[in-house]
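Use the sequences and the hints to build the structure in full.
Chain by chain, the residues run as shown.
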Amino acid sequence: MAANTKLSDEELNRILAEKRSALRKGIFIAVGGGIVTLLGFLYLGMFAGLCGIALLIWGIIKITSATRGAKNAVGVQIVTAALQEVFDEVEYLPHSHLDESVVYNTDMGFPFDVDKITGSDYVRGNYRGAEIEMSDMRLINITYTTDSKGRSHRQETTVFEGLWLICDFGKALSADLRLSERSALFGKLAIGGIKTESEAFNQRFHIQSQSQHDAFYILTPHMMEYILSMDAKGGGDTYMRFLKEGKVHIAINSGRNAFEMGSLNTDVAALRQKFVGEIRYVTDIIDELRLVDTLYDGSSSKTE
Amino acid sequence: MEILWIVFILVAIVAIWAIGTVNGFKRKEIKVEEARSGIEVALTKRYDMLTKLMDTAKGYMTHEKDTMETVIKMRRGMSVDELQQASKQMDAVASSIQVTAEAYPELRSSEVFNQLQRGIWDAEEHLQAARRVYNANVSAYNTAIAMAPASLLAGGRQSMAFFEAEAHKREDVKISF
Numbered sequence: 001m002a003a004n005t006k007l008s009d010e011e012l013n014r015i016l017a018e019k020r021s022a023l024r025k026g027i028f029i030a031v032g033g034g035i036v037t038l039l040g041f042l043y044l045g046m047f048a049g050l051c052g053i054a055l056l057i058w059g060i061i062k063i064t065s066a067t068r069g070a071k072n073a074v075g076v077q078i079v080t081a082a083l084q085e086v087f088d089e090v091e092y093l094p095h096s097h098l099d100e101s102v103v104y105n106t107d108m109g110f111p112f113d114v115d116k117i118t119g120s121d122y123v124r125g126n127y128r129g130a131e132i133e134m135s136d137m138r139l140i141n142i143t144y145t146t147d148s149k150g151r152s153h154r155q156e157t158t159v160f161e162g163l164w165l166i167c168d169f170g171k172a173l174s175a176d177l178r179l180s181e182r183s184a185l186f187g188k189l190a191i192g193g194i195k196t197e198s199e200a201f202n203q204r205f206h207i208q209s210q211s212q213h214d215a216f217y218i219l220t221p222h223m224m225e226y227i228l229s230m231d232a233k234g235g236g237d238t239y240m241r242f243l244k245e246g247k248v249h250i251a252i253n254s255g256r257n258a259f260e261m262g263s264l265n266t267d268v269a270a271l272r273q274k275f276v277g278e279i280r281y282v283t284d285i286i287d288e289l290r291l292v293d294t295l296y297d298g299s300s301s302k303t304e
Numbered sequence: 305m306e307i308l309w310i311v312f313i314l315v316a317i318v319a320i321w322a323i324g325t326v327n328g329f330k331r332k333e334i335k336v337e338e339a340r341s342g343i344e345v346a347l348t349k350r351y352d353m354l355t356k357l358m359d360t361a362k363g364y365m366t367h368e369k370d371t372m373e374t375v376i377k378m379r380r381g382m383s384v385d386e387l388q389q390a391s392k393q394m395d396a397v398a399s400s401i402q403v404t405a406e407a408y409p410e411l412r413s414s415e416v417f418n419q420l421q422r423g424i425w426d427a428e429e430h431l432q433a434a435r436r437v438y439n440a441n442v443s444a445y446n447t448a449i450a451m452a453p454a455s456l457l458a459g460g461r462q463s464m465a466f467f468e469a470e471a472h473k474r475e476d477v478k479i480s481f
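Line by line, the protein sequences give chains A and B.
Heads up: the first sequence runs through residues 1 to 304, numbered per our numbering.
Heads up: the second sequence runs through residues 305 to 481, numbered per our numbering.
Rather than coming from a laboratory, the hints here were simulated on the basis of the structure.
Beta carbons are placed, not taken as given, at the ideal position from N, Cα and C, and that holds for glycine.
Treat the hints with care, since some could be wrong.
Taking lysine-lysine pairs in the DSSO-like style, the calculated list, with each CA pair at most 30 Å apart, reads [stated by the list, open to error]:
(1) B/Lys349 with B/Lys369
(2) B/Lys349 with A/Lys195
(3) A/Lys171 with B/Lys349
(4) B/Lys356 with A/Lys171
(5) A/Lys244 with A/Lys195
(6) A/Lys62 with A/Lys6
(7) A/Lys244 with A/Lys116
(8) A/Lys195 with B/Lys330
(9) A/Lys195 with B/Lys335
(10) A/Lys116 with A/Lys247
(11) B/Lys349 with A/Lys244
(12) A/Lys195 with A/Lys233
(13) A/Lys25 with A/Lys274
(14) B/Lys356 with A/Lys244
(15) B/Lys356 with B/Lys377
(16) B/Lys332 with A/Lys244
(17) A/Lys6 with A/Lys274
(18) B/Lys392 with B/Lys349
(19) A/Lys195 with B/Lys392
(20) B/Lys332 with A/Lys195
(21) A/Lys233 with A/Lys71
(22) A/Lys247 with B/Lys349
(23) A/Lys244 with B/Lys335
Here are the simulated distance ranges between beta carbons [unchecked claim]:
(24) B/Leu457 with A/Thr283: 49 to 55 Å
(25) A/Gln210 with B/Lys392: 29 to 35 Å
(26) B/Arg379 with A/Gln210: 26 to 32 Å
(27) B/Gly381 with A/Tyr281: 45 to 51 Å
(28) B/Ser413 with A/Glu131: 31 to 37 Å
(29) A/Gly129 with B/Ser413: 22 to 28 Å
(30) B/Thr366 with A/Lys233: 51 to 57 Å
So this is what it looks like as C-alpha cells:
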C-alpha cells in the first residue's frame, strides 16, 4: 500500500470534487472530439478528422486519469481505513490480485476454460483468527476462429468477474467438498453429483465429494440454508471449494467489482458506507463458516 | 420386412430401458444398504465413545455401564429397526451420564472426561449425517419404484422405512461444559 498522509473527510471530498470536475471536462472533450472526428471525416476534411481523434484520445486520457486518480487519492484511503477497522495486519493493493496459480490449481468446477486472468483490489489480513485473502478476479477465455478468407481472429470473452475469497481457519477440514452452481438451463434436471435432502439445494448446486457421508457431514441443513442465502445476496453464480488441508475458496461470479468509486457523483460518507457494506458481506461469510463445527476435523489441528 | 425391423428396434429399446431401470433399482438398493452400514459405523463409534467415557468415570457411572453392557448389543448386520432401538437406548444412557456428571464437579472438570464428551458430540454429528444419507437414499429408492412407468418393473419391491430421529435426541446429546 502506498504510504499516503491520512486526509480528513473535508480534504477527501475536495479531492473528489476536483476529480469529478476533471472527469466532466474529460467527458466533454471526448464527446467533442468524437463529434469533430465524425464531422471531419464526413464533411470537413482529413485534418479536422485527425484533430477530432486527438481530442477524443485526450478526453479519454483525462477520464482515465480522473477515475484512477480518484481511486488512488480517495478510494484507497477510505478502503484502507474501512479494512483496518475490521481486519488485523491488513494489506490492501488496489491494482493487484490473487496469484494466478490459485485459479489454475484450485479445481472449482467452472463450466468454462480460463486462458487469461486479471484482477484488482487485493486484500490480505486476519479476521478473528482466520487468515483471509481476496481480490476481484476477471477470468477470460480466448478463442480463435478462422474466417472465410482464412484469417485467424482472436476473441476474448470474460467468463468470470467478481470476488474470489480464500479463508484459512488454521484447522484441517473434515473433508474435501466442491459446490458449483448449476446453469439455469440444466439446474432443473439436477443430473449427477451428490444429492442432499434439499431439492432446492440440489437444483442450485452440483455437489462433489469423496463420499456422500462427508458431504452430508459438512452440509448440515443450517449450512445449506446459509449457502443458498449467500448465493442469493451474491448476485451471481457461486462456487465453493473446501480443501481438507484447511482452506475454503469462495468465488462469486457477480459481474461486479468491489471498492469501485462509480461515477464519482458521490461523497466520502456514501463511499465509506458502500465499502463497509462490501466488507461486511465478506465477514458475514467468514462468521457463518466459523460457526459450522462439523466443518473442522476434530482429530487434528494445523496449529501447534 | 421394414415392419419387422421397426418391431425389432422397438423391442430392443424397451429391453434396454427395462434392463436399465431394473439395474437402477439394484443400484439404489445397494446405496441404501451402504448407508445403513454407515449408520451402524456411526452408532458403533458412539457406543465405543460412551464406553470409554464410563471407563474414565469408573465408580461414578457403574449403573450406566451395566445398562450399556446388558441392554445395548451392537453387532454387524443389524436391521434399521434394531439400529433405531440401539440409538434410543444410547440416548437414554447419554442422558443418564449427563445427569450423573452434573452431580460430580470433579468429574466435569476432568480434561479426559471433557475430551471424551467432545468425542461423543462428534460421534452424534456423524450419526446425524449417516441418518440423513440413509434417508436420502431411501427417498430416492422409494420414489424410483413408485414412479411410472418404472413402477411396472418394481415387482415385489416394497418401500423402505426411514430412520427416524426423535425430537428430544439433540437436547439429550448436546453436552454443556
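Going through the hints against the structure:
no.	hint	in the structure
1	B/Lys349 with B/Lys369	16 Å, holds
2	B/Lys349 with A/Lys195	25 Å, holds
3	A/Lys171 with B/Lys349	23 Å, holds
4	B/Lys356 with A/Lys171	26 Å, holds
5	A/Lys244 with A/Lys195	21 Å, holds
6	A/Lys62 with A/Lys6	26 Å, holds
7	A/Lys244 with A/Lys116	28 Å, holds
8	A/Lys195 with B/Lys330	18 Å, holds
9	A/Lys195 with B/Lys335	12 Å, holds
10	A/Lys116 with A/Lys247	24 Å, holds
11	B/Lys349 with A/Lys244	22 Å, holds
12	A/Lys195 with A/Lys233	23 Å, holds
13	A/Lys25 with A/Lys274	26 Å, holds
14	B/Lys356 with A/Lys244	28 Å, holds
15	B/Lys356 with B/Lys377	16 Å, holds
16	B/Lys332 with A/Lys244	29 Å, holds
17	A/Lys6 with A/Lys274	20 Å, holds
18	B/Lys392 with B/Lys349	15 Å, holds
19	A/Lys195 with B/Lys392	27 Å, holds
20	B/Lys332 with A/Lys195	13 Å, holds
21	A/Lys233 with A/Lys71	26 Å, holds
22	A/Lys247 with B/Lys349	28 Å, holds
23	A/Lys244 with B/Lys335	25 Å, holds
24	B/Leu457 with A/Thr283: 49 to 55 Å	53 Å, holds
25	A/Gln210 with B/Lys392: 29 to 35 Å	31 Å, holds
26	B/Arg379 with A/Gln210: 26 to 32 Å	28 Å, holds
27	B/Gly381 with A/Tyr281: 45 to 51 Å	50 Å, holds
28	B/Ser413 with A/Glu131: 31 to 37 Å	33 Å, holds
29	A/Gly129 with B/Ser413: 22 to 28 Å	26 Å, holds
30	B/Thr366 with A/Lys233: 51 to 57 Å	54 Å, holds
Every hint, counting from the list given before, is met by this structure.
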